[in-house]
Amino acid sequence: MISLHDVAAVIVVCGGVAALTSRDARGVAAGLLVAMTVSPLASSPAPSALAIALRAVGALLAAYLLLTAARARSVSGEGSGFGLPGEVVLAGAAFCVGWWASPVAPLPGSLAAQAAGLSLAAIAIVPLAGRDPLRAGTAIVTLIVAFSLLVEAWVGPTSPLQQLVWTGLLIGATGATGLLISAKIERPADVPMATQAAAPATASPDADDAIDAATADGGAPDRPEAIKPVGAGGKTQRVIGAREGRLRPRDKR
Amino acid sequence: MALAVYIVVCGGGFLLGLLVRPSGGRARLVSIVGLAAAFGAALLIGSADAITVGDVKLIGSAYAGLFLACGTGTALLLCVVGLGTAWPDRLGPAALAAFGGLAVAMTATDAGVALTAGALTATVGPLVFVHPGDNVIETTSVSEPDRHDRLLAEMRTIGLAVGALLMAAVAVLRPAWTSHNDGTVFVLGLFGLGIAIAVRGGAVPFHGPAVRLPTGTTPMTSALLLVWLPAGLGVLAVSWSALAFHVGGDAMNAVVALLQTIAVATLLLGAVGALVHDELEEVVAYSIVQDAAFVLLALAARSEAAAEPARLWLLVFVAAKAGLVAWVAAAARAFGTSRVSELRGWLRRTPILGVALVAILVATLGWPGMAVYEARASLIRLALPSGLGFLSAAAILLSIAYYGRLLVVGVMSPVDAVRAAQGERPRWGRRSRRTPVVAGAIGAPVVAVDAAQVMASVAPTTSAFAPAEVTLEVGGTGGDAPEAALGRKKRRSRAAAAEEPLPTVAAPVEVAVGAVQLELTEDTEVAATPETTAETAALAPGAALESDSPTAAGATPGTAGATPTATRLGLRRRIVLAWRLNRTLEVSLVVAGGTALAVALAFGGLGAHGASQSGIPLDAAAHATPTAVPTVAPTPTPKESVGPSQLPSDSTEPGAPGSPNGSAEPSASPTPTSVKTAAPLRTIGS
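From first to last, the protein sequence lines stand for chains A and R.
If you read the first sequence in the numbering used here, its first letter stands for residue 1, the second for the next number, and so on.
If you read the second sequence in the numbering used here, its first letter stands for residue 1, the second for the next number, and so on.
Only chain R is shown next, with the shape it has when bound in the complex (with noise of 0.2 Å):
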């Protein structure tokens, strides 16, 4: 039942989100709504569950149950985070459409259901992957030169999962080929299979398109086109890999040999990658892309020893990296900027982000005695040679070099722009301190003719892109005003930069005041409210300027009068204004909760240990097939006596009624159900 509840509210969700208009009200609710209760129906999937479609079955399990619950989760903390920095518009409907195929695939008892759902899944990429609104023609940037290129590529890899998944359906249905050795198309599938997972989850050297995603596309699309997708067509790919086990050759062996080279390069260079690269994005997409390796790995090792790690390091892949996309997106938006030479003394601002960092280095490394460290050890010592074991300490060390890079940068003495954020300390009361204010090539909006004028006055003595130190009051939230104003320049930026000079301090006080007042008379009428009112002052970073001039105050009504209304509220009050005021705290808040579910994984909690050992319905069907097959003979055999006898015969001869595969003792049947590839029995290979 609750596996039937969970496709049903993906499909419904999918569909209704992509009906209300995005961006809007509706969107958000549809999403958030949709993504909670599939993730609350994901997590009571089990075994018993059962849907039965004409002649196939779609049979639960903890581990499909476990998988479902965690991308669902991670996915409405996404959501989440994004209410609060920039909302992801189609993630929570892709993301339904994707869990949603993903579902079927991982409980189809019918290999080619289960392969063309996991198709099906991969096509989703297109609904982040196209920002809505960046078809307009007055909207595009000149600053995307290769988008067409990206497009083109993300075509051609929906292509290329989509033809390897379904070919490797047509090698796991098992026709009756004409030829003795089919294991040709067993190559080709694991082949096609290999590299469509290599492209999708952008391992080297297929990265190039994979780590450029966030530039021009929705928010935090990296979560579901490097993390979700790769990982439900890993779980599939590691649950056929097994019945390519049984072919060798040399055609075989050199497509081990690929996945291997693949996998080892991407181990390594994704880790470079991510050390040497400044924007958060790009950090992010490479560590994904490192971490994405084992999964070919898996791949490489064909044998069920290692699906049961991999599986394993699937789950908590999907936790921890969906944290680091949270993580990367509550970053930039406490500060503004995305580079990592800006964001130095990150830590000393926001420690909260910083133990949810360290919660996710913990998660994806891991120490040794720990499930995921040994998840990784084994798939390392069981897919590549043993010469190769080192790299394994390499991968590691790496991945500490560049976690420590983020760390190190993050303790160092704050620059201006992070003292300026708002940190996580809830702030409140009148309080006066100096803060730098970055003139214009912050684009913070100045409040009062006053205000310009300290900006002309800074003007001869600072460059375009130098802090200016000015007295400021901050009422209500301290710092909320210049963190949301780089907040709304980092929106901006992303969109116009190219095209729009920045403002400088050279530039006329009159049409700085008048784009000023502008925007203070289109926020008048929800400056009535505390709350609001402080809102107001966040988006106006100079608004409670400190000035001795009326005209200040004039101007800025909402601010002053919420000010002394904020000092005179009682101490519970204050708590909840600055709980509520302080987006920084709730953010990082929620984002510290995402990575500790990523840390309960990786220690094997959760149920994540028993479930990897189980695996999914497509195992089963795909052991079930050179060993234990229902013959399709042509004698009309009675179906009654096809499948296993529930009680013992007396009869210990091979053959007896009751034992159809001679033994005496209840066929130990690797599904309780009818798996659908009865192909006839034949030798796979040489």
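Only chain A is shown next, with the shape it has when bound in the complex (with noise of 0.2 Å):
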């Protein structure tokens, strides 16, 4: 019989994955709000009401902090090197050796909880050998709650002073990433198209660098590269990253 904390389990699984693959911030922090708020429940038995209400408080103030980062430029990132389907059989099979392995006997918590913690941390290493700031970040985050249904798995129903500090942990966390990735567009050349078309030209003095970066990036070499759709979505937003010809810093040197 499916019980809530499997439910909750998968819902964990899919919002690690969606925070994971995203490119667009937005994505990114739709994705690990969903991760965090869900993974409380997937523990068994699950916690009190004021633990998981505390716990949703924290995942809302963590996606605020990443949207609040992402807020004034659309910050993206280069997204899963494996696409979605990979990441999505990459999660689907860790997920089953947890539900099948049996590391830990007998298992205090939730088997749902242990296939989840696993699945997650499955899908969060690769991320941090890679370049990407948000990425790294968001695999942080990722990491942090697969830890958390681990323990909770492992060794049992945690207190409530562990799930204050485990929100802390996740508001920390989330925080550092946002300050990371506000920094990380630092240079003309990395501004998003639309923001340099939304500009006056010669309303900056670093305008013709701008230009001369983005003719160096395959733009016109006149004025700012044309704002067009891309994607089914209309997205007009230019992907930041090494796929899409961002020039990387040691690039430039």
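Keep in mind the hints are simulated off the structure, nothing from the lab.
Hints may be right or wrong, so weigh each one.
[Said to hold, decoys possible] With the Cβ distance kept under 7 Å, some of the chain A side facing chain R (calculated, not the full set):
{"id": "1", "residue": "Ala105"}
{"id": "2", "residue": "Leu128"}
{"id": "3", "residue": "Ile140"}
{"id": "4", "residue": "Phe147"}
{"id": "5", "residue": "Pro160"}
{"id": "6", "residue": "Gln162"}
{"id": "7", "residue": "Gly168"}
{"id": "8", "residue": "Ala173"}
{"id": "9", "residue": "Leu179"}
Being a predicted model, the structure only gives us computed values, none of them experimental.
Using N, Cα and C, we set each Cβ at its ideal position, and we do this for glycine too.
Assembly of the complex is requested from the two constituent chains, each provided in isolation within its own frame, with the hints serving as guidance.
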């Protein structure tokens, strides 16, 4: 019989996959919000209502911090190196391994929490080695959610203070990610084309440099690159990252 | 009660510090008041303090109180120094957050809570890593092409520290593994913890991002990222390593050998790096990195015998290295440069800073018989093979070499920039002396048209970087003016030196005069009192430039009116003014006070020696796990029979009522509280 813990565990994994595969900061924040909010429900016995509410408020605050950092500009990441199907397959395989494996016996917590924790940990390892701060930060937050699930599965229900500290850790990690990605875009060449086009070319002393950099990046030589909708969703932002021709710092030296 | 107050003050100060406007007066007030309140509360933390949250207790200890007081006190010291040099944005809130998290981590009896709180502490670094305003595109500099890499490195460091501490938490909580040999978990925990501390502390070979920290970050960032955070994590790691001591095997030996290698390389190469680099910030960073290697040694030793000297060393490390960071800020402010080659003769101008540097040297190295010396020697003896005992002497010699280099440079004949800087000696009254003005290269604004003409007259004979001597009449505070100009130049150069062309003496005179007049117009309103007038003079180095032309006097009304006023003041008033207006003296004395604290701790004073022997509650939790664990038996044992009996039973038979461990004596419980490490007792490792 499918219990609430099992459903919650699947939702948590889905949130983690969405966060780690999304290229847009809003998608990342939404995925993390789902994973952080639902993760307490995957443990058995479920925490108190106060603890669940605390985790939910903490998740909201964490997602808000990430959104605030990305509000001024459309901060985007490189997305998953495996792509969505690859991440889904990896997460599903790790979930199955966690469901059938029994490293701890008897298991004080729920089996679903263990499976979800292993699944999230598996998909969070690779982005940590990447070169995208947004993805790395997302992976850190996902890893924390995974550890919280594994601890509750292997050690048993956590204390209210532990829930409080988990909440603080999630907020701290998300806030650190927001701070670091807000400082990531620091040169005109890194600015999304939408932002460049919106600003007058003569408004900034760096405008010429921006156009030069855009030219070097494949843009028009005499004016900012025209805004063209990309993708089915009609997004107008330019993806920042190695895939879309962003000049890496080392390339500019 | 004091522990609760400390945590509340840290949390509240952190939130309030972020809410108020950065760099504003309120931000400074919140940071300093918050740190002062936290410092006071930390001094009162003792073993009697306890907070119960659910089934977890936070229990204070003498060491936790002293460590938190030391850390908060040094943060307060840096903020006070920042008032006189360059205000470290967000350093106060970040320090409050870090020490609030460490307070929970160092007092929690639940290992899971303690190590998770330690992981939380590791995430506060970006608060100071990203300078406010740097995310504005126009203010970024082209001179930092590797900024992206440094952001990424910081993110990875956070991830590594968080992951390692959470892995350690899983290991210490000891789930009921199905495998009989759960040593792999402990090996992974020790490996992750050691690497995390090495990366966070900038140990070789992870020193690259650490030594380049000062560029583009909040001033004095090194104190948080290289001193406080690694030291706090080190306390937790050393406490936990005693548990891992019971694990053997080839894998554990390999991890220990790796940690030893990193520590030895850091001890030697860190000192070499400090010796060969010319930037003071880099010298300090390498010095901190070198001394952080002792934490790795303590972790590799994995014994309680090594934990005690490590705890004492960490106290001294926090105080001495934070004092060194403050020393660099003070020296750079006083002389307007942070290059060692341009600081020749600094000791003659600022002897108090010289005393402070010697105090830091003594506190860091000590001598035989001194507590800190014995602690360093013990760590090397316990953590390394006996054949490597010479490393202790080598590390000391190399440390003396780079400290001595700074001191030798200081006693040499002063260079012009140092001679022009304001020293610590109070001066007042009108006096005339010959002071070099580094025209153009310093970017010193000139006050009057005549001054600009002087500059123009020396232009054909001086290069952009060659000092030209003109006669200055200094009123009130003596050499305030060049010193302040150098300080302003330094702040500007960090932000925009690479983007703005350096002004030269060949620049049009009209441009210089116009810029100076604009500056004077802005400062006119504040030049009404002797104090503010002198500060205005400090902003304009040539404010009292001697000239026969009445234009000069007319262009500097505040200065011209203030100088005679200062000369008419009484002796007491002049002393007060000289003290008040000599920022170099103020900052130097604050730095010297901080280093005195480090020296006291290095001698084992202020309770450091006794507190280091006690440790933190996590020690008791860790030690309790393999031996004295209240069995989580399937049989419902009455709760009161689990705890040790307070009264000895008449029966001496093992297992008699009142003696759950079979002893007739009251059980020597490792901790007076329930420790949530009650996993089933198993054999650890091979």
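Cross-check of the supplied hints:
Here the hint on A:Ala105 is kept, as its CB sits about 5 Å from the closest CB of chain R, short of 7 Å. With a least beta-carbon distance of about 5 Å to chain R, the hint placing A:Leu128 at the interface is held under the 7 Å criterion. The restraint placing A:Ile140 at the interface with chain R holds, with a minimum CB-CB distance near 4 Å, inside the 7 Å limit. A distance limit of 7 Å between C-beta atoms decides the matter here; for A:Phe147 the minimum to chain R is near 4 Å, and the interface restraint holds.
Of the supplied interface hints, the one on A:Pro160 holds, with its beta-carbon coming within about 4 Å of a beta-carbon of chain R, less than 7 Å. Taken as an interface hint, A:Gln162 checks out: its beta carbon lies about 5 Å from the nearest beta carbon of chain R, inside 7 Å. Of the supplied interface hints, the one on A:Gly168 holds, with its beta-carbon coming within about 5 Å of a beta-carbon of chain R, less than 7 Å. A cut of 7 Å between beta carbons decides the hint on A:Ala173: the least distance to chain R is about 5 Å, and the hint holds.
Taken as an interface hint, A:Leu179 checks out: its beta carbon lies about 4 Å from the nearest beta carbon of chain R, inside 7 Å.
Consistency with the previously given hints is maintained throughout, with no hint failing.
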